[in-house]
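Could you slot chain B onto chain A? The hints should help.
Going down the list, the sequences are from chains A and B.
Throughout the first sequence, residue numbering follows this note's numbering, covering 1 to 410 in sequence.
Throughout the second sequence, residue numbering follows this note's numbering, covering 1001 to 1145 in sequence.
Since the hints were derived computationally from the structure, they do not count as laboratory data.
Please note that the accuracy of each hint is not assured.
What the hints assert, rightly or not - Result set (DSBU-like, lysine-lysine): computed pairs, CA atoms no more than 30 Å apart in a straight line:
id, chain 1, residue 1, chain 2, residue 2
1, A, Lys-52, B, Lys-1077
2, B, Lys-1037, A, Lys-56
3, B, Lys-1037, A, Lys-390
Said to hold, decoys possible - Distance ranges between label pairs, derived from CB positions:
id, chain 1, residue 1, chain 2, residue 2, range
4, A, Asn-312, B, Glu-1107, 33 to 41 Å
5, B, Lys-1050, A, Arg-145, 58 to 66 Å
6, B, Glu-1107, A, Lys-139, 33 to 41 Å
7, A, Asn-250, B, Lys-1134, 55 to 63 Å
8, B, Tyr-1138, A, Phe-385, 28 to 36 Å
9, A, Arg-264, B, Phe-1040, 47 to 55 Å
10, B, Asn-1007, A, Lys-351, 53 to 61 Å
11, B, Asp-1084, A, Arg-37, 15 to 23 Å
Positions of the beta carbon are idealized from the N, C-alpha and C atoms, including for glycine.
Now for the letters of each chain:
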Amino acid sequence: MKNYVILGNGAAAVGCIEGIRSADKSGKISVISAENRHVYARPLISYYLEGKTDAKKMKYRPDDFYDKNGCEVFYGETAVKIDTSSKTVYTDKDTAVKYDSLCVATGSSPFVPPFEGLDTVENKFTFMTLDDALAVEKKLSLGSRVLIVGAGLIGLKCAEGIYGKAAEITVCDLADRVLSSILDAECAITVQKRLEKQGINFMLSDSAVKFDKNTAYMKSGKTVFFDILILAVGVRANTALIKDIGGDVNRGITVNERMETSVRDIYAAGDCAEGNDISFGAKRVLAIMPNAYIQGYTAGVCMAGGDAVFDNAIPMNSIGFFGHHIMTAGTYEGECSETVNGENVKRFFVKDGFLKGFIIIGNTDRAGIYTSLIRNRVPLDGVDFESLKKLASNSVFSSEIRKQKFGGVV
Amino acid sequence: MKRVYVNEEWCLGCHLCEYNCAFANSGFKNIAQLKGKRIFPRIHVEGDDKITFAVSCRHCADPICVKSCIAGAISKKDGVVCIDRTRCVGCLTCILVCPYGALAQGEDGTMQKCELCTGNFCGAPACVTGCPNKAIVYEERSAQE
Chain A
1 MKNYVILGNG
11 AAAVGCIEGI
21 RSADKSGKIS
31 VISAENRHVY
41 ARPLISYYLE
51 GKTDAKKMKY
61 RPDDFYDKNG
71 CEVFYGETAV
81 KIDTSSKTVY
91 TDKDTAVKYD
101 SLCVATGSSP
111 FVPPFEGLDT
121 VENKFTFMTL
131 DDALAVEKKL
141 SLGSRVLIVG
151 AGLIGLKCAE
161 GIYGKAAEIT
171 VCDLADRVLS
181 SILDAECAIT
191 VQKRLEKQGI
201 NFMLSDSAVK
211 FDKNTAYMKS
221 GKTVFFDILI
231 LAVGVRANTA
241 LIKDIGGDVN
251 RGITVNERME
261 TSVRDIYAAG
271 DCAEGNDISF
281 GAKRVLAIMP
291 NAYIQGYTAG
301 VCMAGGDAVF
311 DNAIPMNSIG
321 FFGHHIMTAG
331 TYEGECSETV
341 NGENVKRFFV
351 KDGFLKGFII
361 IGNTDRAGIY
371 TSLIRNRVPL
381 DGVDFESLKK
391 LASNSVFSSE
401 IRKQKFGGVV
Chain B
1001 MKRVYVNEEW
1011 CLGCHLCEYN
1021 CAFANSGFKN
1031 IAQLKGKRIF
1041 PRIHVEGDDK
1051 ITFAVSCRHC
1061 ADPICVKSCI
1071 AGAISKKDGV
1081 VCIDRTRCVG
1091 CLTCILVCPY
1101 GALAQGEDGT
1111 MQKCELCTGN
1121 FCGAPACVTG
1131 CPNKAIVYEE
1141 RSAQE
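The shape of chain A in the complex, shown without the other chains (with noise of 0.2 Å):
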């Protein structure tokens, strides 16, 4: 009986158990998982802020999900060593747990700059994990001042889910526009200017450089006076247990396609690996769920001895604010065209025949249509574009290709 372990218990963790289980229903699975708690949806933790969910419709998989997939979950453990000649893990708690094959899906951390003066803040938070939500909302009242340093993903989703719960909300940020990772300069105007519409303010191209208490002095000269922090400047991939044993890290733990790292027996998944960007054409920290759920099952299904490739990868968000939706995927590299129908744009970026990348805000429907062209390299020339730009729809395929897709079990 073949012993697996698992480093992490989020998505990619989950993907990699039943990856597991559907090429091996006997082996035994370890689950190490820092976190003391069931797998949930960590990008769930801004709506449990804003009332949309709560710890109990947040679990990502049922309550019963360890023990119907024959897993051991060592909660509150976090591995600190690998060990490959014994092929051995041990964890902070002194275990040691042996492997056969072992995923490493250990996710990132929040990185936190050397602030002067973070230390004399009394109520600061990051916003990754369950317990950083419960913890702002335990400080939150109706009077607080809220200053979010970072204008990104993670930033704006707790703007969101503190929303009507704060006297106060600014949000700044280094970069000279809000959600710098998927959006270009005019989209990111929209939508910074929806955010304004709310309420929420801005101080852009600008962040803290000291801090006094309650006080935020900035770049620009300016000081923020607020009662709580939130730090989201970032992410940075845990990829440090690779690091140590020599295996090859770059941003994450570089692995090919089958979720292999430089190491033998050992895969890695999620946001602490690094894999192909199809649309980038080179390899790149996809820290995205789809992308981590996925990584995970591939690697699943090769260390329990099948074959599974995930070579089709690509960065692509979903993410609204106060009811208006966002959809971005791919690379915003080639021709951009725009197709503008009140507050509704999308942006296609098309380069040698092939779409590498959108930005859709506002009519997101049939979206997937869009990132399906990107996903499976079609080629544009078979396709009326032109028609598609304009309205997302299987119409704009020859009757062949609708057959494929309509025809049969796909």
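This is chain B only, laid out in the frame that chain A set:
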């Protein structure tokens, strides 16, 4: 497994499937109660002046919506791709990934999708039963399953 398939050469684009779907999942006693209301069907007719066809969930063998749902709210039960709408937060990631454009939001903003009428009183897909010229069929098309 039986699935819903469309024969586009027979589809008139009458949208009756959309009404039958909306009624099947509405809880209403009479389809006439839909009159004047905005409907949120789980099947929709697409097309142009040349061709029309109805699109609903393909119940894929390897559904990317299940793997992508950030809430873990979509799962496969006996081959049917189902959504637990109480757990959906309306992030629309499933819309972003479905290559068929088969999912749409319901009235309350959470996602809804075709579950082959397994969750309502119909017993068989209402879109198929009500299609006047068999442009939508419910049948087995794979020998492997």
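Going through the hints against the structure:
1. A:Lys-52 <-> B:Lys-1077: holds, 25 Å
2. B:Lys-1037 <-> A:Lys-56: violated, 34 Å
3. B:Lys-1037 <-> A:Lys-390: Given that 30 Å is the threshold and the Cα spacing comes to 27 Å, the pair holds.
4. A:Asn-312 <-> B:Glu-1107: 33 to 41 Å: The hint (33 to 41 Å, Cβ to Cβ) holds, given that A:Asn-312 and B:Glu-1107 are roughly 34 Å apart.
5. B:Lys-1050 <-> A:Arg-145: 58 to 66 Å: holds, 59 Å
6. B:Glu-1107 <-> A:Lys-139: 33 to 41 Å: holds, 36 Å
7. A:Asn-250 <-> B:Lys-1134: 55 to 63 Å: With Cβ atoms ~56 Å apart, the hint holds.
8. B:Tyr-1138 <-> A:Phe-385: 28 to 36 Å: With a Cβ separation near 33 Å, B:Tyr-1138 and A:Phe-385 satisfy 28 to 36 Å, so the hint holds.
9. A:Arg-264 <-> B:Phe-1040: 47 to 55 Å: holds, 52 Å
10. B:Asn-1007 <-> A:Lys-351: 53 to 61 Å: Roughly 37 Å apart at Cβ, these two residues miss the hinted range, so it is violated.
11. B:Asp-1084 <-> A:Arg-37: 15 to 23 Å: 20 Å Cβ-Cβ, so the 15 to 23 Å window holds.
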